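We have chain A; now place chain B onto it with these hints.
In case you want the letters, here they are:
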Amino acid sequence: MGLTGPTTVESLSPNWLTTRLDALVNWARANSLWPMPFGTACCAIEFMATAASRFDLARFGMERMAFSPRQADVLICAGRLPFKLAPVIRRIYDQMPQPKWVISMGACASTGGIFDTYAMVQGIDTVVPVDVYVPGCPPRPEGLLYGVLLLHKKIKGETLANGDLRREHPLGVTGLRLPPEAVDELSEPFGNSVHQTRSA
Amino acid sequence: MNPSVGALRERFGRRIGRAVVSCGDSVVYVDPAAIREVLRWLKETAGQQYNYLVDVTAVEYRDPERPLEVVYELFSLERRVPLRVKVELPKDGALELDSVVPVWRGADWLEREVYDMFGVTFRGHPDLRRILMWETYAEGYPLRKDFPLRGRFSRSEQVRQALNIHPEAHYSMEELSIADAYQDLPADVRERLSRGERGEVPEQPPESR
Numbered sequence: 001m002g003l004t005g006p007t008t009v010e011s012l013s014p015n016w017l018t019t020r021l022d023a024l025v026n027w028a029r030a031n032s033l034w035p036m037p038f039g040t041a042c043c044a045i046e047f048m049a050t051a052a053s054r055f056d057l058a059r060f061g062m063e064r065m066a067f068s069p070r071q072a073d074v075l076i077c078a079g080r081l082p083f084k085l086a087p088v089i090r091r092i093y094d095q096m097p098q099p100k101w102v103i104s105m106g107a108c109a110s111t112g113g114i115f116d117t118y119a120m121v122q123g124i125d126t127v128v129p130v131d132v133y134v135p136g137c138p139p140r141p142e143g144l145l146y147g148v149l150l151l152h153k154k155i156k157g158e159t160l161a162n163g164d165l166r167r168e169h170p171l172g173v174t175g176l177r178l179p180p181e182a183v184d185e186l187s188e189p190f191g192n193s194v195h196q197t198r199s200a
Numbered sequence: 001m002n003p004s005v006g007a008l009r010e011r012f013g014r015r016i017g018r019a020v021v022s023c024g025d026s027v028v029y030v031d032p033a034a035i036r037e038v039l040r041w042l043k044e045t046a047g048q049q050y051n052y053l054v055d056v057t058a059v060e061y062r063d064p065e066r067p068l069e070v071v072y073e074l075f076s077l078e079r080r081v082p083l084r085v086k087v088e089l090p091k092d093g094a095l096e097l098d099s100v101v102p103v104w105r106g107a108d109w110l111e112r113e114v115y116d117m118f119g120v121t122f123r124g125h126p127d128l129r130r131i132l133m134w135e136t137y138a139e140g141y142p143l144r145k146d147f148p149l150r151g152r153f154s155r156s157e158q159v160r161q162a163l164n165i166h167p168e169a170h171y172s173m174e175e176l177s178i179a180d181a182y183q184d185l186p187a188d189v190r191e192r193l194s195r196g197e198r199g200e201v202p203e204q205p206p207e208s209r
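Those sequence lines, one after another, are chains A and B.
So the first sequence is numbered by our numbering: it starts at 1 and just counts up by one.
So the second sequence is numbered by our numbering: it starts at 1 and just counts up by one.
For reference, chain A alone in the conformation it holds in the complex (with noise of 0.2 angstroms):
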């Protein structure tokens, strides 16, 4: 067992230690994520790789792919996100149990990437809450296992004091999780839409 020095019964460990319980906690949260794969482009492709075997998903314990919400604690959304996926994806949340968590995986996920039109959401944040971006057009294996490591170190910061954090937030009166203004200057105009204007 790698035991060093006399296995006396004096010398073994009896069976309690002392810690923070918020260090035990998210030590457990942190290395057991289930993630809940929302992929709807090619940046599920590069998750797909990330998962088998070359990469190994499995070595930060998160082998095991949730595929319903209710059993997931990470929602990975892997790709584009179109308006009609927007109910979708945001009742996929809804539906995972709390503590949970967002990766908002590649350009599209996040920011609504090369495709400025009518037909996609500019960023899942304006529908569910993120808390890792990984960037890339698609991101390297590499590097969404940056980010989920990132989001391990964030989980290792969090406190079970902090009784907002696992607070459910439902989109509020205005059906919008996010202030009106803060979504309409998502979408402002730059490159080749410069000329684009609405007509209502």
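A couple of the hints might just be wrong.
[To be verified] Partial list, derived from the structure: chain A residues whose beta carbon lies under 7 angstroms from chain B:
1. THR40
2. CYS42
3. PHE83
4. HIS169
5. VAL173
6. GLY175
7. PRO180
8. VAL183
9. ASP184
[What the hints assert, rightly or not] Facing chain B, according to a computed beta carbon distance under 8 angstroms, are these residues of chain A, among others:
10. PRO87
11. LEU165
12. ARG167
13. THR174
14. SER187
If you're looking for bench data, these hints aren't it; they were derived computationally from the structure.
These figures come from a predicted structure and were not determined experimentally.
Backbone N, C-alpha and C fix where the C-beta goes; we use that ideal spot for every residue, glycine too.
Just chain B now, with coordinates in the frame of chain A:
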């Protein structure tokens, strides 16, 4: 030029418009009022046998004077010959056309897509609803040239409307189930189903049929 074009002229006379060869493909323009009749003739006449409707789509050109074109891509599986049939719909008129679903069942979703993206109404279509955009989508027809790339509503309004779609409202389990189509299945499939090979089948055909 595909010899079917000559045969069409012989059969339908002035209801067949100009015909061109584009990149080796024959394109023939047809009077919109005759489109279903012409396509049925092309499908069912011996020697034509264009039995496969590859696609129905539409084109709007940047030139505002040019009419909107609805394109039917046909293919004869027996003779291995393609033919492209087009109709022109002037943009100041009603964008209406006879549905070809009675000729090809497979035209159902293709025509729904043209309706969704271009706003062409197909008369006699059994279920003309939007297919790509959600059914309460109110911003217009996205592939029309006058449609702004980012849509007509503000981003916040778009997100608000999208979040208020009920994801299951229009695709109930009844709609997705095979029950409605039971009577249309081939006899051997019905027989296998009635033996209980897969799931349960209704004793009586549904009331709606």
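For each hint, the structure was consulted:
1. Interface hint at THR40(A): violated, since its Cβ lies 15 angstroms from the closest Cβ of chain B, which is beyond the 7 angstroms cut-off.
2. This hint is violated: CYS42(A) has a C-beta 20 angstroms from the nearest C-beta of chain B, more than the 7 angstroms allowed.
3. Given hint, PHE83(A) at the interface with chain B, holds; its Cβ is 4 angstroms from that chain's nearest Cβ, closer than 7 angstroms.
4. Taking 7 angstroms as the C-beta cut-off, the interface hint given for HIS169(A) is violated, the closest approach to chain B being about 14 angstroms.
5. The restraint placing VAL173(A) at the interface with chain B is violated, with a minimum CB-CB distance near 11 angstroms, outside the 7 angstroms limit.
6. Against a cut-off of 7 angstroms between C-beta atoms, the interface hint on GLY175(A) holds, since the closest Cβ of chain B lies about 4 angstroms away.
7. Residue-level restraint check for PRO180(A) holds (minimum Cβ-Cβ distance to chain B is 4 angstroms; threshold 7 angstroms).
8. The criterion of a C-beta within 7 angstroms of any C-beta in chain B is met by VAL183(A), whose closest approach is roughly 4 angstroms, and the hint holds.
9. The closest approach between the C-beta of ASP184(A) and any C-beta of chain B is roughly 5 angstroms, which is under the 7 angstroms cut-off, so the hint is satisfied.
10. Restraint check, PRO87(A) versus chain B: the minimum CB separation of about 5 angstroms is within 8 angstroms; hint holds.
11. For LEU165(A), the interface hint is violated, since its Cβ never comes within 8 angstroms of a Cβ in chain B; the closest pair sits about 24 angstroms apart.
12. About 20 angstroms separates the beta-carbon of ARG167(A) from the nearest beta-carbon of chain B, more than 8 angstroms, and the hint is not met.
13. Hint status for THR174(A): holds, given a least beta-carbon distance of 7 angstroms to chain B, under 8 angstroms.
14. Taking 8 angstroms as the C-beta cut-off, the interface hint given for SER187(A) holds, the closest approach to chain B being about 5 angstroms.
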